[in-house]
Amino acid sequence: MTVSHTLAAEGVTLGYGDRVVVDALDLTVPPGRITAIVGANACGKSTVLRAMARLLPPRSGRVVLDGKDLHRTPTRQVARTLGLLPQSPTAPEGIAVADLVARGRHPHQGLLARWTAEDDEAVAEALELTATTALADRPVDELSGGQRQRAWIAMALAQRTDVLLLDEPTTFLDISHQVDVLDLLTDLNRRRGTTVVMVLHDLNLAARYADHLIAVEQGRVHAAGEPAAVLTEQVVQQVFGLRSRVVVDPVSGRPMVLPIGRHHVEEQAHAS
Amino acid sequence: MTAVAAPPAALVAAGRRRRLLRARAAVGGLTVLLVVLFGVALVFGDTVYRLDEVVRVLLGQTVPGASFTVGQLRLPRAAEGVVAGAAFGLGGVTFQTMLRNPLAAPDVIGISSGASAAAVIGIVVLDLTATETSLLAVAAALVTAGVITLLANRGGIADTRLILIGIGVAAMLESVVSYVLLRAANYDLQVVMRWLTGSLNNASWDQVGPLALAVLVGGAVLASQSRGLGLLQHGNDQAAALGVPVHRTRLLCILAAVVLVAFATAATGPIAFVAFLAGPIAARVVGPGGPLLLPAALTGALLVLAADLVGEFAFGTRYPVGVITGVLGAPFLLWLLVRSNRAGGSL
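Residue numbers (the numbering used here), protein chains in the order written: chain A, 1 to 272; chain B, 1 to 347.
Isolated chain A (complex conformation):
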């Protein structure tokens, strides 16, 4: 059911006010794969995601979706292809999960907002995929952090877009819920071919779940490619200014970063 879409940034310069955050950045999102954008705080990774979601118009260059300039395409049309989970979305007090998820149908509804059987199906499916069916009638503000995040993802799923952008979807979640959310995104990618692009803080989770890793440093793509090729001790040093060992994760076979820090220099030297 999924059509593969191409999404790329071509020489994009982005900024807020007088400040340029991202300068002439080129980036291609591989269709049908999971891409993670990593980088130090304030390196511009969320800014890049905002530009790819049509939230921030580029100063120069363009973001291209299926060969067309994203910022010249009507927002409703974009919303049928691109879904977004922002970093801290808000919900009106007391809104039920099912109603929240139903709002994801907005880009598919005409001006008269006739609610169709297809809309109900999409909402039911989104609830099911995120295991929130049992929570459908509960108010969003009474859910736990992990449940709430799944409800928000369900809203993005009800939008039925082939590309899903997520800005730090695991923030404020404990480790097991972080894994839950990333497993869920992987399910979507495997079963439906959804292209996933997410900004992630945790390098090890990024390396484990992403097919394609983009390391951003001061508004530029420092390295991009398979996690094993991107996540090296050298790149971690250059992008995060952190000395580390990179080993093979015994669970997934992906690279795994062990930070060194100031207090464990001796052990590191000893081990090598």
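It should be emphasised that the hints constitute simulated quantities derived from the structure, not laboratory data.
Beta carbons are placed, not taken as given, at the ideal position from N, Cα and C, and that holds for glycine.
Treat the hints with caution; some may be incorrect.
[Unchecked claim] Residues on chain B that point at chain A, a partial pick, calculated with CB under 8 angstroms:
| # | residue |
| --- | --- |
| 1 | Pro-8 |
| 2 | Val-12 |
| 3 | Arg-19 |
| 4 | Arg-227 |
| 5 | Leu-231 |
| 6 | Gly-243 |
| 7 | Pro-245 |
With chain A's structure known, arrange chain B on it following the hints.
What follows is chain B alone, placed relative to chain A:
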């Protein structure tokens, strides 16, 4: 654990219908209440007329005494209460929804004060007609909204800062109103009360006409933006991601809401806290997540009618409607401020 598995889509549809039904019942209930209260406002007064006399007046027949008291005094007063209340309610709930904060009502953030100040200057100083005053009030309210937005937008839009700046602007403009009223040579207490708290004492068909037109036009614009407005509750980013043209929606909503509040203020004065109270009350009546425009308009109308009746007849002295709504609104404002430190919820 072994519940009969209904098709999930049917469950979703059932839940949606249940909530829709509740919202419709709420709107129905509010409408019935408004009609009853409107009847009460026509029947009761210093002279109490029978319902059939009132109906005959409404049908255009001549009833000695009632034709004047009901037809010329009570009817325009009640009608003005309804349209002004609806205008305040619509304007208030629009701002509160758009800025995701019940404190963001136009009567809290200085937009009503802008209209008041202009109207007071127009009437007391410039000696303008009612229509000219309305237009001046609309212009001043738009300028006030523009100034607040500009001040708040320095370095990115910050909705909380907009509210704080608005409260400051409101205080400034209200002192302008007090100053002009104090300097005016030939003011009387009614005029002063109208512009300090709002009152229906000057109600006339000349005022109801333009205001009703503003409610129709403004209400239609808001209705056309209603779904986008609802999605703005999730934040501008989320709304944009769902295909809402955020800037256009916000601009249209601000324009419509400001025009509504300004017309109402020009007619009745700033009836305290109606714009501020209508939305949150309507939200509680309708239930979470429902559409709020129509319920807030009905609630605003109800508030003004009820408060006017209470102010006229509940005490030995007559109080203007704004005094009563002010007494209701102030504790709610305090409660919101206390609560907002604990959790930052929207409507």
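For each hint, the structure was consulted:
no.	hint	in the structure
1	Pro-8	holds (4 angstroms)
2	Val-12	holds (5 angstroms)
3	Arg-19	holds (7 angstroms)
4	Arg-227	holds (6 angstroms)
5	Leu-231	holds (6 angstroms)
6	Gly-243	holds (3 angstroms)
7	Pro-245	holds (5 angstroms)
When the structure is compared with the earlier hints, no violation turns up for any of them.
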